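Asker: So the chains spell out like this:
There are 2 protein chains.
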Amino acid sequence: MREQVKNLKYIFRPKSIAVVGASGTSTKVGAVVLKNLIEGKFGGKIYPINPKYNKLAGLRCYPSVLDVRGKVDCAIIAIPAMVVPKVLEQCGKKRIKGVVVLSGGFGEVGNNELENKLKEVADRYDICVIGPNCLGILNPYKRVDSIFLPMYKLKRPRPGGISFVTQSGATGTCVVDLAAQYGVGVSKFISYGNGTVIDESDLLEYLETDKKTEEILLYLEGTKNGKRLLETMKRVNRKKPIVVLKAGRGVKASKAAYSHTGNLAGNYLAYDAAFRQAGVVVAYSLDELFEFVKIFNQALPKGKRIGVVTNGGGLGVLTTDVIEEQHLELVEFSPETIKKLKRIIPPYANAENPLDIIADADSGVYKKTLGVIKEAKEVDIIVVIVLFQAPAVDERILNILINLSDEKKKPVVVIAVGGEYTQGHRKILESYGVPTYSSPSDAVKAVKKLVEYAYSIRSGSGR
Amino acid sequence: MREQVKNLKYIFRPKSIAVVGASGTSTKVGAVVLKNLIEGKFGGKIYPINPKYNKLAGLRCYPSVLDVRGKVDCAIIAIPAMVVPKVLEQCGKKRIKGVVVLSGGFGEVGNNELENKLKEVADRYDICVIGPNCLGILNPYKRVDSIFLPMYKLKRPRPGGISFVTQSGATGTCVVDLAAQYGVGVSKFISYGNGTVIDESDLLEYLETDKKTEEILLYLEGTKNGKRLLETMKRVNRKKPIVVLKAGRGVKASKAAYSHTGNLAGNYLAYDAAFRQAGVVVAYSLDELFEFVKIFNQALPKGKRIGVVTNGGGLGVLTTDVIEEQHLELVEFSPETIKKLKRIIPPYANAENPLDIIADADSGVYKKTLGVIKEAKEVDIIVVIVLFQAPAVDERILNILINLSDEKKKPVVVIAVGGEYTQGHRKILESYGVPTYSSPSDAVKAVKKLVEYAYSIRSGSGR
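Going down the list, the protein sequences come from chains L and E. Be aware that the first sequence starts at 0, since it is given in numbering that gives the first Met the number 0, and climbs by one per residue. Be aware that the second sequence starts at 0, since it is given in numbering that gives the first Met the number 0, and climbs by one per residue.
Any given hint might turn out to be false.
A pair counts as met if it fits within one copy or between any two copies, since identical chains are not told apart.
[As the list claims (entries may be wrong)] The calculated DSS-like cross-link candidates involving lysine-lysine, where the alpha carbons are at most 25 Å apart (straight line), are:
1) Lys303 with Lys254
2) Lys426 with Lys154
3) Lys251 with Lys376
4) Lys27 with Lys366
5) Lys44 with Lys85
6) Lys339 with Lys251
7) Lys426 with Lys152
8) Lys301 with Lys233
9) Lys239 with Lys27
10) Lys373 with Lys254
11) Lys251 with Lys341
12) Lys239 with Lys226
13) Lys301 with Lys339
14) Lys447 with Lys254
15) Lys251 with Lys303
16) Lys85 with Lys118
17) Lys85 with Lys303
18) Lys339 with Lys254
19) Lys251 with Lys447
20) Lys14 with Lys34
21) Lys8 with Lys116
22) Lys338 with Lys254
23) Lys116 with Lys373
Think of the hints as simulated: they come from the structure by calculation, not from any bench. Please read these numbers as outputs of a predicted model, since none were measured by experiment.
Isolated chain L, as found in the complex (with noise of 0.2 Å):
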C-alpha cells in the first residue's frame, strides 16, 4: 500500500482537524463544516483557520495551518481553487498527512493544470488529499463529518458495517441520507470527486483491511485506471462483497456524467465485464444499491431453495411471482416439514409454500412456523411477509425476527409495504441489522444477488 493510502487513517481517524476557509458567515462551505464539526461532537481538537478572524463558533482561528502550535492530522479546505496549491504546501510543511479538498474549479472545469500542480505538492509531501471537488467524507465512528451540507437536511446515519466510496457527492449524500432514515449503519463515507491523488482502487484497497468495514458501496461515473480496479475489485470482493453502481452508461449519459467530474464514462460493456470477471455485484440504480448491500449482513445461503411465510395472501403471490422471474427456486416443503407445519396453522390454511398463516396469525404463530422453517434442510433462504397492519401482529415479531437473523445459520428477510405504522417498525429492524423491504420485487431481487455472490465466492479461489 503507497504512504499516501496509509495516510487516509489522519482522515479516518484524526486526532485533530484544520478547517481551511472556516467562516463566520453561516452560509459558507467553511461556516457549515465547522458547525457539524462541533454540533457533531467531534472529539478530538478543532482549528478553524481564516486570516480575517481571530475566533470563530468560540474556538481560537488561525491566520494559516502554519500557525497552529499542536499536530495535526488532517485538514479540510474550502477556499477557491487558485489558492488551494498554496496552502497544500503549507500543510505540507505543517506535516499534515491528511486532507480533503471540498473546493471545486479543477479538471472538471478545464482547470487541469492546477490540477496538477495540486497532485504535484500532495505527491512531494506524502499528503493523502481526498478530492477536490467533492463532499468529502463521514466516519460514524469517530464523528469526523466534511459533508457541508445541514444536519436538519441530511441525516447522518449511526455506526455500522457498510463503507460507501462515490465519485458523486449529492448522489452519495442521498444514500446516507436514507441510510440514517432507515437505521441502516455505515462504517465510512467517502465523495472522491476527482480522485487526484486518491481514487477509487485506493480507497477498496484501504478498506479491505479496515475492521469496521464489512460491505462496500462503489459509485462510480469513470475511472482513469481501469486495468488496477478491475484487480483490487476482484480481490477485494473475495473478502467483502462490494455492490457497484456505474452511471453515464449510454452516450448522452456519459457525456453528463464528463462534464460532471471530468472522467470519461468510457464503453458500458467494458465496465460490465470488468464487473462480472471481478464477481462483485452490479445494481442499475440508487435503489437498487441501498437495497442490494443490506442483504450482505446475512449469512451467505447454500444453494437457492426459498421459503416463505406470510400473514398476507396477496403478498405471498406477488413474492412467489418474483422468486420464478427471477430464477430462484419456491422449495416445495418436505414431508417432515409439512407434518410439523400442520401441527401449527389452523385447519382452513395449507401447509404449503408460500405458507400463507393468514391475516389473523398473531406473534405465536410467526415465532413457531418460522421455527419449523429455519430447521427445514430444504430451506436455504427464509423471506417473511409481516403486514404489520393486521389487528393480531404485535410488537413481539421485531424480537423474534432479529433473533432469526442473529442466529446468522440462513438468511432472513423481510418484506413489509406500508405506511408510518409499518416504516417504523421497518426501521426498528434495520438498526437491528434485518434486512427489510418495502416490495416484493426489491427483496427478491435483493435475494438473488446475494445467492449469486455466494456462487460466485464457492466457484472462486475461496473466501
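Following the hints, put chain E in place on chain L, whose structure we already have.
Answerer: Same frame as chain L, but now just chain E:
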C-alpha cells in the same frame, strides 16, 4: 348497466349503514368496523346489529336488520359464513340494496355451494354484494370505511382522484397505506374478494362514469370472465387510465393465487395480450402500481422528448442513463433555449440537457430555468431533480413546482432522493398533485408509461 351494479351507489354513498356482527369485543371484525365508522366520522346513521347486545358504542343495537325502523342503504356483514345467506335474505326483505360481506369461508376454501346460495339470494333481491372474503370499501369523500384494520396501523388517505380495485384485501391496503403516507388522494378503494356478485368488470364499469374517479388501479389474481374484462378495460381505459398488476403469473404463483381467492390465475401470456390490446398500463410490482398511477394526473405529453433540470450532477447522469435505456429522448436544447438559459445559469455551468444548475442554485434559479424549459418547443416532458439537502434550496421551490404542475401544459415529475427532510417535502408536493419519485429509474419508468398511454390513446379511437 345491471341493476346490481347501479346499486353500488348505496355502498359508496349510503345515508345509513347497518353493521351486522357488531360487537363489544374490541378485537372482533364487527367491533373494529363499528369503531372505524364512528371515529372516522361517517356522516349518516349507523345501526349496530347483534342479538346479544342492546347497546354498542353508545348506539342502540338491533337483533336483526328487520328490527330497524328507518331505511337502511347498506349493510356491512361480519359474521360466520354459514349464516350469511340467511342474513342476506333479511337484507333483501328490508330492501337493503348494498351489502359488503367481509366474512371468508366460501369458494376459496371449497364451500362453493354456500357461495352459490349467497349469489342466488343477492340476485333474487337485486342486492349489490361486494365480497365475500374481502376488506370491503373505503370512500374518503363520504367517510365510508369497512376496512377492519385499526386506523393507527393503517392510515386512511385524503380524498382524491385515484380509485383502487383489488382482489386481494391485504395487498390493496398496503397501497392505501402508502397513498395516505405520501398524501396521494383516493376516490374509492374496493377490495372485492371472491367477486361472487360484483366482479372487477362491474367495478370498472361503475367507475367509468364515477365523477370523482380520474385514474384506476387494478390488482388482479384471476378472472372468471376474461372476454368481458378485456372489453371493459378497453373502453374504460380510453376515458380513465387503468394501471393493472396481475399476480400469479408463473406456475407456482398461479397455484398460490388459487388457494388465496379461489380464482384460476390462468396463463399470463393470455392476460398480457389482453392488456396490450386494451392499451392499459401494465405494472409488474406493487411499487410500480403506485408509482405509475401517480403520473396520470399530468397533461398527456405530445411526444417523448424530455428536458431535465437538476442541482445534483450525478443524479442528472443517472436520469440520463434511464432515459436512454427506456428509449425515451433526452432532447438537445434549441439554440434559442440555450441562449435564454445562458443568461440565467452560472458561467461555469453548461446550458445542456440534463441542465445541471449546480449544487449552489437557489429556488430563484429553478424558477427562471423552468420558465425557459416550459416554453421550449423541443421539450414535451419536464423532469425536475431537487436535492432538498442542498443549502441554497428553500421552501419557495415547492410553490414553483406546484404552479408548474398546475398549468397542465406539459407533464412534470420531480425526483427527490433522501431521508426525513426530503420525504416531508415530497409529501407536500404529492398532496398538491405533483408526482414525485425517490429515484431516477422510478420516475423515468413512470414517464415511459405516460408516453405510451398518450401514443395509444392517439392511435386509438380518440379520447
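Asker: Within, between, both or neither: how does the pair Lys251, Lys303 come out at a Cα-Cα threshold of 25 Å?
Answerer: between (38 Å within a copy, 16 Å between copies)
Asker: At most 25 Å between CA atoms: does that hold for Lys338 and Lys254 within a copy, between copies, both, or neither?
Answerer: between (61 Å within a copy, 20 Å between copies)
Asker: Pop the pair Lys251 and Lys447 into one bin, within, between, both or neither, using alpha-carbon distances up to 25 Å.
Answerer: Classified as between; 18 Å across copies, 30 Å inside a copy.
Asker: For Lys14 and Lys34, with the copy left unspecified, which applies at a CA distance of at most 25 Å: within, between, both, or neither?
Answerer: For Lys14 and Lys34, only the intra-copy Cα distance (17 Å) is at most 25 Å; the inter-copy one is 60 Å.
Asker: If the cutoff is 25 Å on CA atoms, where do Lys116 and Lys373 land: within, between, both or neither? Let me know, please.
Answerer: neither (59 Å within a copy, 43 Å between copies)
Asker: Checking Lys85 and Lys303: alpha-carbon separation at most 25 Å within a copy, between copies, both or neither?
Answerer: neither (57 Å within a copy, 50 Å between copies)
Asker: I want to check one pair: Lys339 and Lys254. Are their C-alpha atoms no more than 25 Å apart within a copy, between two copies, both, or neither?
Answerer: Between copies, since 22 Å is at most 25 Å while 59 Å is not.
Asker: With identical chains treated as interchangeable, where does the CA-CA distance between Lys426 and Lys154 reach 25 Å or less: within a copy, between copies, both, or neither?
Answerer: Both, since 14 Å and 18 Å are each at most 25 Å.
Asker: Taking 25 Å as the upper bound on the Cα-Cα distance, should Lys44 and Lys85 be classified as within, between, both, or neither?
Answerer: within (24 Å within a copy, 80 Å between copies)
Asker: I want to check one pair: Lys251 and Lys376. Are their C-alpha atoms no more than 25 Å apart within a copy, between two copies, both, or neither?
Answerer: Only across copies: Lys251 and Lys376 sit 21 Å apart there, 50 Å inside one copy, limit 25 Å.
Asker: How would you classify Lys8 and Lys116 at a CA-CA limit of 25 Å: within, between, both, or neither?
Answerer: The answer is within: 24 Å in one copy meets 25 Å, while 76 Å across copies does not.
Asker: Within a copy, between copies, both or neither: where do Lys301 and Lys339 come within 25 Å Cα-Cα?
Answerer: Only inside one copy: Lys301 and Lys339 sit 23 Å apart there, 60 Å across copies, limit 25 Å.
Of the numbered hints given earlier, the model fails hints 9, 17 and 23; all others are met.
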